[in-house]
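Chains as they are written, first to last, in the working numbering: chain A, 1 to 308; chain B, 309 to 616; chain C, 617 to 924; chain D, 925 to 1232.
If you're looking for bench data, these hints aren't it; they were derived computationally from the structure. Some clues are possibly wrong.
As the list claims (entries may be wrong) - With a cut-off of at most 25 Å between alpha-carbon atoms, the simulated SDA-like pairs for lysine to any residue come out as follows: (1) A:K108 / D:R949; (2) A:K284 / D:V1086; (3) A:K72 / D:E1205; (4) A:K108 / D:G1174; (5) D:K996 / C:A920; (6) B:K380 / A:R180; (7) D:K996 / C:D711.
Number of protein chains: 4
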Amino acid sequence: MTYADNADTPDADELPWQWREQRWRTITEKVRAGRSLKPKAWKDGARCAVALSFDSDHESTTLRFGQTSPGKLSQGQYGSRVAIPRIRALLDRHDIRASFFVPAVVAKLHPEEQRGLADEGHEIGIHGWIHEFNGTLPPDAERDLQFRAADVLEEISGQRPVGIRTPSWDFSQHTLAISREMGLLYDSSLMADDDPYEILEAGEATGMVELPVEWIKDDAVYFPMDRGTTLRPYTAPSSVYEIFQGEFDGAYADGGLFLLTMHPHIIGHRSRLAILARLIEHMKGHEGVWFATHKEVAEYCLAAAGEG
Amino acid sequence: MTYADNADTPDADELPWQWREQRWRTITEKVRAGRSLKPKAWKDGARCAVALSFDSDHESTTLRFGQTSPGKLSQGQYGSRVAIPRIRALLDRHDIRASFFVPAVVAKLHPEEQRGLADEGHEIGIHGWIHEFNGTLPPDAERDLQFRAADVLEEISGQRPVGIRTPSWDFSQHTLAISREMGLLYDSSLMADDDPYEILEAGEATGMVELPVEWIKDDAVYFPMDRGTTLRPYTAPSSVYEIFQGEFDGAYADGGLFLLTMHPHIIGHRSRLAILARLIEHMKGHEGVWFATHKEVAEYCLAAAGEG
Amino acid sequence: MTYADNADTPDADELPWQWREQRWRTITEKVRAGRSLKPKAWKDGARCAVALSFDSDHESTTLRFGQTSPGKLSQGQYGSRVAIPRIRALLDRHDIRASFFVPAVVAKLHPEEQRGLADEGHEIGIHGWIHEFNGTLPPDAERDLQFRAADVLEEISGQRPVGIRTPSWDFSQHTLAISREMGLLYDSSLMADDDPYEILEAGEATGMVELPVEWIKDDAVYFPMDRGTTLRPYTAPSSVYEIFQGEFDGAYADGGLFLLTMHPHIIGHRSRLAILARLIEHMKGHEGVWFATHKEVAEYCLAAAGEG
Amino acid sequence: MTYADNADTPDADELPWQWREQRWRTITEKVRAGRSLKPKAWKDGARCAVALSFDSDHESTTLRFGQTSPGKLSQGQYGSRVAIPRIRALLDRHDIRASFFVPAVVAKLHPEEQRGLADEGHEIGIHGWIHEFNGTLPPDAERDLQFRAADVLEEISGQRPVGIRTPSWDFSQHTLAISREMGLLYDSSLMADDDPYEILEAGEATGMVELPVEWIKDDAVYFPMDRGTTLRPYTAPSSVYEIFQGEFDGAYADGGLFLLTMHPHIIGHRSRLAILARLIEHMKGHEGVWFATHKEVAEYCLAAAGEG
């Protein structure tokens, strides 16, 4: 593709409806879904895979904006103090292993939490340094923070992370190259499918697995409150349950993956954790549902595709 | 009307409550609903017409803003990769032909998709070049893009488009003249009725059919998420189903038209496509429901009015 | 009150937490609820009064912003072309007289509509000239527009209006003086009670009746859509019905007034008018419910207080 | 901590992802949850404590912005004129004592209301001067307003306040020091737990009780309407009931505290107060539920911890 540089040298005077075909083709093909990695059957012949994940943002989503409000920080502390123990108890009761994506600053503020989760068999994955927006960083800063974050998680949890979820799913123009350089097994920030796929970079197969997310399967689109804007938790938990159950039911019918993103300080409230408990019971009521960490799902998909 | 030029030479110092009557009359009459084209009965004596449409925006609603986020573009790819096959399977199962409005850039990115839809008897209609906002374009650029978009769709799908849905329903001061110059059969972007009508231009009958839309019958008002604003998918699918069913039930009671606008990357999720499936079953449970493309509805209405 | 002028000469350097007591007292007492005008029983011994109102904004809420979008104007035309006939038929079927608040520009665009409503016994009230925001007008402009609006309504409908609902309930610092100068019977824009009361101006009784409104009893807070902002019709009609019924049920229990504000182009859609129909049936299922125009309610309240 | 000053002298050129560890640790530890004060059992062996609170903002949330709109002020008057009597009657019917947090300006505008509440055994707590945002005040202004507000409340109600709820839960960098200087028993503005805890200041135990709040248990996140923004009351009362009941049910199961924040002019509408009535009946249907004021809860927790 001779026009590959074009996207990096935009003509500021050119509006999108004036763009030449090369321009929008280059932009579109930069990071793209390649072949499906949905297996014919899941582990031990299971019909459906369920990957529960928790982004342990805690205080970091306040700190990343340079905010110092004691009230907002106390909301973050709730995630660690109240929500994580409740979530651990719920997962333990159902013998489920999940994936926790943890900013490095959060891991340093709450090291026992990460060690405890790792000891119980949960996965600890990369989630940035201080929940920064990758799209706003200089490329070498993004690379430096991602490498350092992996080291911090390894040091604290005893696990070397093999996967990343970009903070706020803000996958920059450079994220893929950094993750490939790190040799990560998977990313979990993109949305081109419900089921796993191989990521392409500028049309080239990367061998890296995407475990796709979507806002629809994220508690943080329905429940947050921000006093300074008009963001409000308008949706009843029973309606969020309806959506999550509908997504699982479809995945079960399709023999696919149901991947759910949650946040301890959001889902951990008494009236909300009840819907996760109910959802787990609903899913456990089906035969052939494999509960797995993101790492296990990615490894299984690669193996099923003959490359594990 | 001697005051016709007035609207084009606004006095910047004049506030609307200071406007002379000529001014607001001219603005109001520029594009207006004329006689109703609701027939006494629909095809083969059917009681009600149902026109399902899908605006295949895919990557274009990211590109039109000049955005290059891999995450947002992957959401668009979902529309083509996952949602369109699901929608085609659902329509095929129910033997329904629908209308797909496709920006030219999307048609070029996904030509097989358009050819496949056309081959299965679905209609391909104009939906701008790159989902641009018509209201922000120089008039000759709007004209040029609309003509070129029609050529691209014809070349790729093998069908010459006969109808337009303006991107974001942004019907400019010049859209009607351009569509008339192209000799289009119908527009589907205006909202003065639930049932088809003839469009008037400055009080003059145009012979062009309007197949009216409304936000209330559009999945994109209830479900989208935008991280940078407070747009959230707050409404449960069951509530959206309630609205859509209420609109159909009213159309059935009135012997009118039920026209629904959807977007593959929005409605195509597992938990949402289920409500379209349920709605189709609800509608098929009624006698005398004619499922038709927009083109078929417009042609039928003109014929019933003695001008087909 | 020696501090009365204070509110009109604010010290720009003084923040509200620095205000002297005189300042906030003057502001608070400018327009205020006085004695309750809730009668011991309603007409003919009825237990509860129901006053349905429709603000016929049609094209005016587009024009007032100086907008000329054919799409937005077609939404307004829907109000006159489709919604008003449906509403008239519904009210006629139930033999209910309601109040329509109509901007003068709307009355001039749709004079037959106003005449027809008046002929059927409905009330036509003042609703500004072009749905302007009173709070942004020079005081003499507000006065001029309100007087001219009343003349237009009288000329077109044959009724001299006796009440006002300020557009967007934007009751300015001057609205009360203007309405008193016009000798109006009532205002319906304030919110200090559910039941009628006498308005005080700077602590002095005015003899003018307030028929209070509230956003909670207004279809326009739940259903509108604005593409340029994040305003969306997120609430299901069944939930809006729940709210309206709850307000009526409470009014019935209290022997009070249930006053509902609607907008033809909003409530008139098939799936929404159904909830008004259902609500009317619910209310008619109770004994002792008096359906009345705003004028009738205000006159009754004054008479019951011995001043009619 | 040698880095304690760092947070107060931010380097404006340093972005959060560039911060040294000292910086984010200092910010995080400034005000923090310490040991839990959740007792083994509640008063007289009760299983669960319920603390209902009403923030009597009335006109103050209009005045604090320097707004003078008669319409908005009438909404505030509704709180005093209509809502407070309804709430008092409801609490009286169920023999429940609650806590009312009252800005000083509101207390001066409605002194009889505060006296009446105090006489009936309800608690009157600090809620700022004119509902100002503490985070925007000079520290000495915040201190002056808080001290003067306590004096006003004592003078009017006859009670010396022992607790504070910061207006808009805007707990500033200085609020804790001011409240400690005043010798307050408790704060109720932070969110690090569902159950009571001791507040730490820079790692040091303060002896002050936090009775934590959360947006999830606040009527003001679901119901308000602001014409100038996109804030709307999108959530049905039955959905808000679902959330509140879920929070109570969880607190009952955990043997914890259910603390609910309401606002008279918001919850006091007929269709909304019905959900509070229903919630009280639901809670009274359980054995071992102790209804108490915030003061009683804080005193009990301290006593149970051996420090009362």
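Status of the hints after comparison with the structure:
1. A:K108 / D:R949: holds, 10 Å
2. A:K284 / D:V1086: violated, 50 Å
3. A:K72 / D:E1205: Outside the cut-off at roughly 33 Å; violated.
4. A:K108 / D:G1174: Outside the cut-off at roughly 31 Å; violated.
5. D:K996 / C:A920: Status violated; Cα separation ~29 Å.
6. B:K380 / A:R180: holds, 21 Å
7. D:K996 / C:D711: Roughly 35 Å between the alpha carbons, so the hint for D:K996 and C:D711 is violated.
Hints 2, 3, 4, 5 and 7 from the earlier list are contradicted by this structure; the remaining hints agree with it.
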